[in-house]
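Protein sequence lines, in the order shown, are assigned to chains L and E.
Count along the first sequence from 1, then add 490; that gives the number in my numbering.
Count along the second sequence from 1, then add 53; that gives the number in my numbering.
Quick caveat, the hints were computed from the structure, so don't treat them as lab data.
Note that the Cβ used here is the ideal one computed from N, Cα and C, for glycine as well.
Among the hints, a few may not be true.
[Stated by the list, open to error] Under 10 Å between C-beta atoms, here's a sample of chain L residues computed to sit facing chain E:
id, residue
1, VAL530
2, ALA763
3, ALA809
4, GLY811
5, SER841
Listed below, chain by chain, are the residues.
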Amino acid sequence: MRGPRVGRKGRTRPGNFKTKFFVPRPPFDFYLCESFFPRVKPAADESAFTQAILKRNQDLIPSPQEQSSVLNLVTKVQAVLDNLAVAPGAFDACQIEEVRQVGSFKKGTMMAGQNVADIVVILKTLPTVEAIQALGNKVMEDMKQSDPLEILTMLTNEGGFEVSSADATVKILITTIPQNVRKCDPEIHLSQKILQSHLAAIRHSRWFEENAHHSSIKVLIRVLRDIRNRFEGFSSLNPWIIDLLAQYAVMNNPSRQPLPLNVALRRCFQLLAAGLFLPGSASIPDPCENGSVRVHTSLTLEEQDLVCLTAQTLLRVMAHGGYKQILGQEGNPSVAMEMSVWDGVVVSPLSKAYEKPPEKKEGEETGEEMEQEASAEEGMETQET
Amino acid sequence: MSFRKMATNNYYSFTAGGVQYGTTQPATYQTNQTATPAAGYTVQHPAAAAAAQPYAGAAAAVAVAAASRTIQTGYETYQPTTGQTTTTYPFASRQQSAYEKVQAYYPQAAQVGYSTTDTATAAYQSGITSNIVYGYSSSAAQLAGVKSKTTVTKYPHAGNSVVQSVVGKPSYSTNTAYASQRQVQKNQNLQTGAVSSYSYTGSTVGASPSTYSTYNTGNTGNYSNKTSVYGHQQQQSTQSSAAVASNNITNQQNTTSIVQTQKTHVNTWSGFKRGPVRFQKPKLPPKPEQLHYCEVCKISCAGPQTYREHLEGQKHKKKEAASKQGNNVQNPRGGTSLRCELCDVTCTGADTYAAHIRGTKHQKVVKLHTKLGKPIPSDDPVVISTASSKGSKGTDGSSVKADVASGDKKTVSVPKINFVGGTKLNTTGSQDKQEENKSEEKTEDTKIDLSKLDSKADIQPVGQDYIDEIKNDDGKIISFQCKLCECRFNDPNAKEMHMKGRRHRLQYKKKVDPELVVDIKPSLRQRKIQESTLRRQQLREEFYRRREEERWREELRLMEEEERMYWEERRRFEEEIEFMEWQRRSGRDPRGLPPIPVPPRSMFGPPPMIPPIMSSVGPPVSRPDSADDRHIMAKHSSIYPKEAELNAVQTVLTDTEKALKLVSDYLTESQSAEKKQEETVEPKKDIKETEIKKEANEEKEPSELNVTKNQEKEAQQSAPPQRVLKGVMRVGGLAKGLLLTGETSVQLVVMCAEKPTRTLLERVADNLPKQFEVVASQTNYEVKRCVEEAAIVVHAESEPAVTVTVTLTSPLMRDAKDSEGSSTESVKDPPDVLDRQKCLDALAALRHAKWFQARASGLQSCLIVIRILRDLCQRVPTWSKLNNWALELLAEKVIGSCPQPLNPGDALRRVFEAVASGVILPTGPGLLDPCEKNPTDAAAKLANQEREDITASAQHALRLISFRQIHKVLGMDLLPPPKYSRGQFNRKRRRDNNTEVNEGEGTDEKKDKKEEDAKNVEEVQEKA
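Given these sequences and hints, build the entire structure.
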């Protein structure tokens, strides 16, 4: 038995003594190790695919009329809220600290037919239901004053309220300053989860401005959202995850140059298929949360399985030339769930791998860690669209 | 002595209507009596009120007890000089009559009056001997020194005023003395006193100046003597009758005549009793007789019976006791509060005060007082500030009362009420200076109070939105409900007050606006709590600091320990690597094939001092003990060839190699002659050299032959093609160390100097059996030629049966291909040359083996993963389409592309990830073969459908692995969680250890070993 080697003490120790056993590992990503996989034959010409993506994007961009109507409403609401923040006057139900636009409208990833813009209102006071109601009424009142002719409706919901005109809606997401969040009592105020998510939405839009301004990313986000809406398996992917995924797919490569759209879109599927959002994967760390929260942990295990499964099937469909079905230009979304034939190649759907642990005792070994993983940072779902 | 008795009796028997009412007064009255009642009394007697002006002027009542005492002395000394005693009598009688009136109010105390008279006489005497006033003023200073600090300021002032009055108006000054004495005695019937004083003044106006000087000179000594007595008494607390008693005793010690004095008192009193009966009737006011008013509780009783009952009742006693506690009861919370003097109620704010004033209780009291004809103070509140309350606390009851009576606002400072009732009336016109003083003080106090009031008034009502109006059916608001505080009120005023209230504001702060400032209530309790929490915090901090230090030291120690363990761990890791390396080599090692790759842990015995936690430390690669790793290792050990198999294969291979060598020798010998003649191009020297080499090699151990096979081959290639069979090499799974259990067919490649021909193959095949007999006669070897495969198949009937495929090839085959392309067919192809593709495949296999040894076998986990995948290919038809070489390439690329080394579980998962992400799909990059000049896909043979199927299978497998079902992928049973792993650190996991039966078929042995290891480790740990 050799004794401990004392001679090599000088080196820095990798890893902390107290690191937990589980260390997530990034999944296989072809574009990070392309050099290991030199192409046997040159890549096929995919300009048709690219064109299809661009075409789809064109369909998904809201029309100028839509955009202007949303912009109109947003401007008005913002003006009213700003005014309330600066000069509350007699209004004392709540005090507004800050008003910020967030969400797809702000990011420029709005989809046609979804003329919803989001504004986060940070209150200095605690967000009671009454205060929100009062704020909503006040906003309506002020807007009516400025333009008595416009027909507006106001509806409160669990996260705030929304003001709708004929063809546009502005969602006002209420939250409070961070130090107040913990003081909130779910019985009187909005739930902390909602408040946190609204605060996160602000961080998200800020991050987006800084990191995801490339238009490829925006196109990809729009296309991915459309895919998400059409394929049931992806329904658990929230806008924030899609943003991150798109940004990752376009920008995260050794050269740091944006990848072409067709490559990026396929990469999204490849990443998902390779289990980017499966338990044990390092996933994408949420840049807007402390302590490297992996984004996919907001999904349940079942959802993770479903997302991965759908992506895997679609990836194979895509590999056999079925991109039009995926983009929604041909066929229907059943390709993800049903057997399909491409050029004589039968693409069969996959079955779910995730099984609910039969009972706690049995499942303890399998379920526990994953469950922990999954439940650890749940709740950063964003509400903005 | 009797005095003393009286005192004690009175003190206790007061409520029962004690006899010595007058003496009782010091105890009771002192404390509970405030300005109002005193005033009330004076007011009640118009005559007295009119007359009592001088009495009010006696500001300095404080000295009181002192005064009374001195008076006694004065009396005592005076007694002998009988000159003035006669005057006493009229006065006394008068007083008696006045006293009668008091009796009307206090029927119970009717027979009392000893002390009253006593004081009366004393007063009278003091009136006569005005030197006492002087004495008083000086004694006041003394007293102040002896007594409390707060009073100090006041007393001098009072004293001054007294002096002034004395100097200016001697007659009044006597009165002052008298009044002060009254208060000292705590006599309730002040008006009586007033009356008497009035009469007295009337009678003494003329007399006093004369006596003044005389007495002054005569009595100073005596007085000073008594002053000391007084001081003593003060120290003992004026209020207690015991003090009086003690005083009495001291008096006795000083002068025995005190007893006499008392006696004379009694006498005088009895004399009064007889005398003044006639005065009684005309002075009786008719109505108030029916009223039974309790001063303490400020209520009236219907009759004597109820009054008595009230006096005995708990409520009264409580109030009485509370009032005895002193003034602090009045202002318990600190801060500014408003007091209703009439009801003796303290309100915390203007709003509550207003509510009180409006309230029925107050109205009742007002009504009662009006009925009684008592003065009713204005509705304006008395403001009590914390500072002033302190002052009042400092002074004792008597002094407060004296202040009140004299109208000198000291502790209870109210701007408007200052001239409270009777006091006001009394003071009219007489003492301007005093008034000035008072007003000065007042204004000061007012300022403070007003400012405080203002701050109070500043509070804006908050949370209007949270108050619901509850309306009845008619739409009339019947009540309000505050949603924040969950309370309701019927009165809009109450609502207003609630909204300004502290509780509501606190709720508002808590629930709506955390920035709202709510003033903290510095109540005594809170302060105490605060202090104690502070103290506790300090203690805690101290404690933590100390613990932190300790922890630091501990941590340092641990760090060293860790460091040590880390290197220990590193060493083990390296050993493990070495083991892997060794394992890899062993694939080619003819002798030392390892039995079963047991995990390195058991290889080196139980490592002491290394707790299992180390598995997570150290090298970036976590040790193979995740669930996936355990499954993979278990599976791996089950697919790894058994020792017997390996030995058999090894023997057969060695035999074959030896035989082939002999064949080669034979061929060389047989052909050398012919060749020599034909091929003169080659220098003989070289041939000989190579021959020597060959022979040398022959003599070497077979193992060495194998080890040096590559070099040998190189040598052969570079050497002139003298030998027909230049060498033999292992290829395929055997060479790579990838054999699985049950795989007993191995490949050898024989390099030929020239293009292998059918003739050559046949010659070799013919000769081989003969050589086998030479090499290993005991084993039965069956040699078959397989021309189309360019191979000879050797079947050994060993146990288990082993098949060796010997393929003939030559590097020239590849050259031929090239030359074909360039259409230079200079080299003549033998007509019966063997199948070219087969030969090329054999060459490729050779290259693969080389590449593999260079690249893959050094890669951590790569071998294990490839073995597992090969097993997968054998088991799952979908995967069987993937050839071995493609598989190896794939695994190597995928695992090699990961920046950090992976443990088997992660490595396998990564391979599946790669396939799942479409690496082998038609659109994927393909597997570029590194052993081919032209870009070729190692898996080129795969059809699209096969690629698709494999990908789909991998995708599913990936998800299975992710969701902890790797056993399904591996085709094995779920392993029970390890007994030891992390057991010490994660106790939760231990529970299901015993529940499951060990099921891994081939792994039992290994597991047992593992467990043993674990136990050892644990034992060692425990020892440590």
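We went through each hint and held it up to the structure:
1. Interface restraint check: VAL530 of chain L against chain E, minimum CB-CB distance 3 Å, threshold 10 Å, status holds.
2. The restraint placing ALA763 of chain L at the interface with chain E holds, with a minimum CB-CB distance near 5 Å, inside the 10 Å limit.
3. For the restraint placing ALA809 of chain L at the interface with chain E, the shortest Cβ-Cβ distance is roughly 4 Å, inside the 10 Å limit, so the hint holds.
4. About 9 Å separates the beta-carbon of GLY811 of chain L from the nearest beta-carbon of chain E, less than 10 Å, and the hint is met.
5. Here the hint on SER841 of chain L is kept, as its CB sits about 7 Å from the closest CB of chain E, short of 10 Å.
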